[in-house]
Amino acid sequence: MNLTEFDELLACSEGNSSPLFLKLQAKHFMTVEDDDLAIELLATKLRTRKAYLTSFTTLHMMVITARCNCVCDYCHASSIDPEKQDVDMTWDVAKKTIDMIFQAPAPSIKIEFQGGEPLLNWEIVKESILYARFVNRFAKRKLGFVICTNIIALTPEIVNFCKKNEIDLSTSLDGPRDLHDGHRKSRDGRSSYDCFKKNLGAARLGLGYEGCSALLTITRDHLQRLPEVIDHYVEMGFTGVFLRALNPYGYAVANYSNIGYTPEEFVVAFSKALDYIVELNLAGTPFVEYYTALLLQRVLTPFSTGFVDLQSPSGAGISGVIYDYNGEIYPADEARMLARMGDKKFLMGNVMTDSYEQVFDGPVIRDLAYNSCVETMPGCATCAYQLYCGADPIRYYVEKGDVVGSRPDSGFCKKNKRILDYIFTILDQGDERIINLFWAWATRRSLSEVTLESC
Amino acid sequence: MKHEEKVPFIIACDAGLYLVKLPKAFYEREAVFAAAYLFREKYHVRIDSIDDNYVGVWFQSKDETAPMPAQFALGEYCNEVLDQQVRLDLNKRYGALREAVYEHAFAPLRERKVWG
Numbered sequence: 002m003n004l005t006e007f008d009e010l011l012a013c014s015e016g017n018s019s020p021l022f023l024k025l026q027a028k029h030f031m032t033v034e035d036d037d038l039a040i041e042l043l044a045t046k047l048r049t050r051k052a053y054l055t056s057f058t059t060l061h062m063m064v065i066t067a068r069c070n071c072v073c074d075y076c077h078a079s080s081i082d083p084e085k086q087d088v089d090m091t092w093d094v095a096k097k098t099i100d101m102i103f104q105a106p107a108p109s110i111k112i113e114f115q116g117g118e119p120l121l122n123w124e125i126v127k128e129s130i131l132y133a134r135f136v137n138r139f140a141k142r143k144l145g146f147v148i149c150t151n152i153i154a155l156t157p158e159i160v161n162f163c164k165k166n167e168i169d170l171s172t173s174l175d176g177p178r179d180l181h182d183g184h185r186k187s188r189d190g191r192s193s194y195d196c197f198k199k200n201l202g203a204a205r206l207g208l209g210y211e212g213c214s215a216l217l218t219i220t221r222d223h224l225q226r227l228p229e230v231i232d233h234y235v236e237m238g239f240t241g242v243f244l245r246a247l248n249p250y251g252y253a254v255a256n257y258s259n260i261g262y263t264p265e266e267f268v269v270a271f272s273k274a275l276d277y278i279v280e281l282n283l284a285g286t287p288f289v290e291y292y293t294a295l296l297l298q299r300v301l302t303p304f305s306t307g308f309v310d311l312q313s314p315s316g317a318g319i320s321g322v323i324y325d326y327n328g329e330i331y332p333a334d335e336a337r338m339l340a341r342m343g344d345k346k347f348l349m350g351n352v353m354t355d356s357y358e359q360v361f362d363g364p365v366i367r368d369l370a371y372n373s374c375v376e377t378m379p380g381c382a383t384c385a386y387q388l389y390c391g392a393d394p395i396r397y398y399v400e401k402g403d404v405v406g407s408r409p410d411s412g413f414c415k416k417n418k419r420i421l422d423y424i425f426t427i428l429d430q431g432d433e434r435i436i437n438l439f440w441a442w443a444t445r446r447s448l449s450e451v452t453l454e455s456c
Numbered sequence: 002m003k004h005e006e007k008v009p010f011i012i013a014c015d016a017g018l019y020l021v022k023l024p025k026a027f028y029e030r031e032a033v034f035a036a037a038y039l040f041r042e043k044y045h046v047r048i049d050s051i052d053d054n055y056v057g058v059w060f061q062s063k064d065e066t067a068p069m070p071a072q073f074a075l076g077e078y079c080n081e082v083l084d085q086q087v088r089l090d091l092n093k094r095y096g097a098l099r100e101a102v103y104e105h106a107f108a109p110l111r112e113r114k115v116w117g
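Those protein sequences? They're chains A and B, same order as listed. Using the working numbering, you'd call the opening residue of the first sequence number 2 and step up by one each time. Using the working numbering, you'd call the opening residue of the second sequence number 2 and step up by one each time.
In case anyone wonders, no lab produced these hints; they're calculated from the structure. There may be inaccurate statements among the hints.
[Stated by the list, open to error] Computed list of lysine to any residue pairs in SDA-like fashion (alpha-carbon distance at most 20 Å, straight line):
hint, chain 1, residue 1, chain 2, residue 2
1, A, Lys46, B, His105
2, B, Lys93, A, Cys384
3, A, Lys143, B, Glu112
4, A, Lys415, A, Tyr257
5, A, Lys401, B, Leu89
6, A, Lys401, B, Phe34
7, A, Lys401, B, Phe73
8, A, Lys46, B, Ala101
9, A, Lys141, B, Leu110
10, B, Lys93, A, Tyr371
11, A, Lys401, B, Phe40
12, A, Lys51, B, Arg111
13, A, Lys46, B, Glu104
14, A, Lys51, B, Ala108
15, A, Lys127, A, Asp169
16, A, Lys51, B, Glu100
17, A, Lys51, B, Ala101
18, A, Lys401, B, Ala35
19, A, Lys111, B, Arg113
20, A, Lys401, B, Glu42
21, A, Lys401, B, Cys79
22, A, Lys51, B, Glu104
23, B, Lys93, A, Pro379
24, A, Lys401, B, Asn80
25, A, Lys401, B, Leu83
26, A, Lys346, B, Leu39
27, B, Lys93, A, Asp368
28, A, Lys401, B, Lys43
29, A, Lys51, B, Leu98
30, A, Lys401, B, Leu39
31, A, Lys401, B, Arg88
32, B, Lys43, A, Gly402
33, A, Lys51, B, Phe107
34, B, Lys22, B, Cys79
35, A, Lys415, A, Pro249
36, A, Lys111, B, Leu110
37, A, Lys143, B, Leu110
38, A, Lys46, B, Leu98
Quick caveat, the model's predicted, so the values are computed rather than measured.
Build the full structure now, drawing on both the sequences and the hints.
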């Protein structure tokens, strides 16, 4: 719509029957006064978009140990030397944690084992999975498991167990050997990349390609080399990548001067990488940028897309929760990392001493949810992207000292707003091939399926 | 140049004492107090009505040896009180929506069935 059309629309909004008004009315951008039907339809749309709230906490992360065999320079969790012994989750804590997880009302439960490096405390991972399966005979939930691991300590026994118990692995790949080894340093001095590559093959033999996904963490070294990183992901047989920025926690804070960048620098690199991925797809290599796909699902479809890090209210606690090795419960991994840095503001309770109600109906989780509705947050309430975005109250607390935060100063806001700006710029350019690709990503179909449909 | 010439809404009073004048028509008591509360670690703060139209917020640094960076610190106060007022305004306008979403988010807890 141009400015003249907008002025004309404002001048005679009531009783307007211009094609533009009717088009906007059909898409629920405009309505005449007292149109109850329009309000009811909008309410239904909003309920649909917020459907992720109907389950309560579905993602339960267990920190099996704080020890790690790598010392990554951006480690948000500030990993601890493998020789240290008192930072492992004990069986007592693990059992109590699983008992608490199954108190959740969610019909679907995903248990994610994290660290440190969870494979360093493999017996507890294994016992936890077996016990959770046993409990689920009675609880009857849709139960899934993920182990977040650098796969350095992966063994045939672990792969077989994962295969038998339908456990997915989520690992990390930071690109070609020099980039990966440069940031994901093995404590024993060996190349973590070589171990990764060898064990990825073994994992895929047992679990298939889909059973082992990888995460990329972008440092300053990556900014100019993302196309190369993407090529490497393709060469390694991955079908997509999540272009993930650094978060201001743990070692990433201490090493900011070496590995950090501004949100603006990140989005410039992100945009170029997205262009590169689009070109790859158009040239016949199917490959997804998962963050863009998530945002497109929100922009192009009316469906609910739960994503703990970008929800309103925030998914911290109500969608995902993390149980530290010592039984302490935090609403998000970032809150646990903050605690590791000495600030336990977001401690919800402890599995050994607190009841489910005390933890999940307590003041920390309620305060976070109440103060992270973008509908009432300054800068968010009037933002055009409100419907596609979400709040990160723990990040805001780190940035400004309170959970509501300040959008003009927020790196989180700058990053998301600029990424959405770029996606809308591409959509506005109207290249049919790219629109089809974006539809394919948003609806999780192949480009050929979408292209055939649009013919 | 005096502070009030550079930043007219921040007025230098006696030595080390500064005043921020806020129009009552725009700022509510709750916003003025909530913003002032955040500054109490470094300043002694007093809030009083100036007249029917203005409320005054006086700041005096607790550290008598440090020169008071009035323009920056009290400019931050002005930004903070604006933020607090916008929060209040948004809550008045969209608070019912927030309440509905918040209640919806915790509804599964009320309907929770404990197994076993």
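Here is how each hint holds up against the structure:
no.	hint	verdict
1	A:Lys46 <-> B:His105	holds, 15 Å
2	B:Lys93 <-> A:Cys384	holds, 18 Å
3	A:Lys143 <-> B:Glu112	holds, 18 Å
4	A:Lys415 <-> A:Tyr257	holds, 18 Å
5	A:Lys401 <-> B:Leu89	holds, 19 Å
6	A:Lys401 <-> B:Phe34	holds, 19 Å
7	A:Lys401 <-> B:Phe73	holds, 16 Å
8	A:Lys46 <-> B:Ala101	holds, 15 Å
9	A:Lys141 <-> B:Leu110	holds, 18 Å
10	B:Lys93 <-> A:Tyr371	holds, 15 Å
11	A:Lys401 <-> B:Phe40	holds, 14 Å
12	A:Lys51 <-> B:Arg111	holds, 18 Å
13	A:Lys46 <-> B:Glu104	holds, 18 Å
14	A:Lys51 <-> B:Ala108	holds, 13 Å
15	A:Lys127 <-> A:Asp169	holds, 13 Å
16	A:Lys51 <-> B:Glu100	holds, 14 Å
17	A:Lys51 <-> B:Ala101	holds, 11 Å
18	A:Lys401 <-> B:Ala35	holds, 15 Å
19	A:Lys111 <-> B:Arg113	holds, 18 Å
20	A:Lys401 <-> B:Glu42	holds, 16 Å
21	A:Lys401 <-> B:Cys79	holds, 16 Å
22	A:Lys51 <-> B:Glu104	holds, 12 Å
23	B:Lys93 <-> A:Pro379	holds, 13 Å
24	A:Lys401 <-> B:Asn80	holds, 13 Å
25	A:Lys401 <-> B:Leu83	holds, 15 Å
26	A:Lys346 <-> B:Leu39	holds, 17 Å
27	B:Lys93 <-> A:Asp368	holds, 19 Å
28	A:Lys401 <-> B:Lys43	holds, 17 Å
29	A:Lys51 <-> B:Leu98	holds, 12 Å
30	A:Lys401 <-> B:Leu39	holds, 12 Å
31	A:Lys401 <-> B:Arg88	holds, 15 Å
32	B:Lys43 <-> A:Gly402	holds, 16 Å
33	A:Lys51 <-> B:Phe107	holds, 13 Å
34	B:Lys22 <-> B:Cys79	holds, 10 Å
35	A:Lys415 <-> A:Pro249	holds, 15 Å
36	A:Lys111 <-> B:Leu110	holds, 18 Å
37	A:Lys143 <-> B:Leu110	holds, 18 Å
38	A:Lys46 <-> B:Leu98	holds, 14 Å
Taken one by one, the earlier hints all hold for this structure without exception.
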